[in-house]
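Turn these sequences into a full structure, and let the hints guide you.
Residues in the sequence shown are numbered from 52 upward in steps of one, following my numbering.
Treat the hints with care, since some could be wrong.
Stated by the list, open to error - Quick list of in silico lysine to any residue cross-link-like pairs, SDA-like style, CA-CA up to 25 Å: (1) Lys70 with Asn102; (2) Lys132 with Tyr80; (3) Lys89 with Glu79; (4) Lys182 with Arg224; (5) Lys78 with Glu122; (6) Lys182 with Gln168; (7) Lys77 with Gly92; (8) Lys194 with Asn209; (9) Lys118 with Ile82; (10) Lys221 with Lys89; (11) Lys78 with Leu61.
In short, the hints are calculated from the structure, not lab data.
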Amino acid sequence: MSYVSENILLQGLIKGDTKAFEQLYKKEYNILFSKAMKVLGDEFKAKDAINEVFLQLWERNTFSNVKVSPEAYLMVILHHKCINMATAESKIRAKLKDFGTGLKNQEEELPELAQEQLSRLQLATAELSVKQKDAIDKIYWQKLSYKEASEQMGVSINSFNEHMKRAMQKYRRIFT
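So this is what it looks like as structure tokens:
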């Protein structure tokens, strides 16, 4: 079955037709990839964002709410997904940078407090798994991109993001 018009495609998507969904994926992938690359600047993150958007659409089948073309709907959802991913990453980087700067300043001003912070950091680091320690090392000490770090670790970008997320949760738990 070939979907020619936008309305027929949308009706197929609303009904959960896999062929309509596949056609939308194939038709829009390159445009969505370009958009995701502009926002995220990383091929693996862009692909992950697109795949997560399509997975979310397939699982939730929200096409019945669409008042615009399916293509425009996809573009808006992808844009929000990319912005959320970029914001989350920049927040983590800023917090770690602030923590490192704060620790250095405290070390100069208050040696006892710096020693306590260092002890807490060592305690938190001891709780990390080997992969979480490796992920932190590659991002914050070796200054690798998420893509480079995930490739060196031999894991997908999603797995790598999960290692980073869990490591940061452990650090937050110790420092709050």
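Verification of the hints:
| no. | hint | result |
| --- | --- | --- |
| 1 | Lys70 with Asn102 | holds, 17 Å |
| 2 | Lys132 with Tyr80 | holds, 15 Å |
| 3 | Lys89 with Glu79 | holds, 16 Å |
| 4 | Lys182 with Arg224 | holds, 19 Å |
| 5 | Lys78 with Glu122 | holds, 9 Å |
| 6 | Lys182 with Gln168 | holds, 23 Å |
| 7 | Lys77 with Gly92 | holds, 22 Å |
| 8 | Lys194 with Asn209 | holds, 19 Å |
| 9 | Lys118 with Ile82 | holds, 20 Å |
| 10 | Lys221 with Lys89 | violated, 32 Å |
| 11 | Lys78 with Leu61 | holds, 13 Å |
Checked against the numbered hints given earlier, this structure breaks only hint 10.
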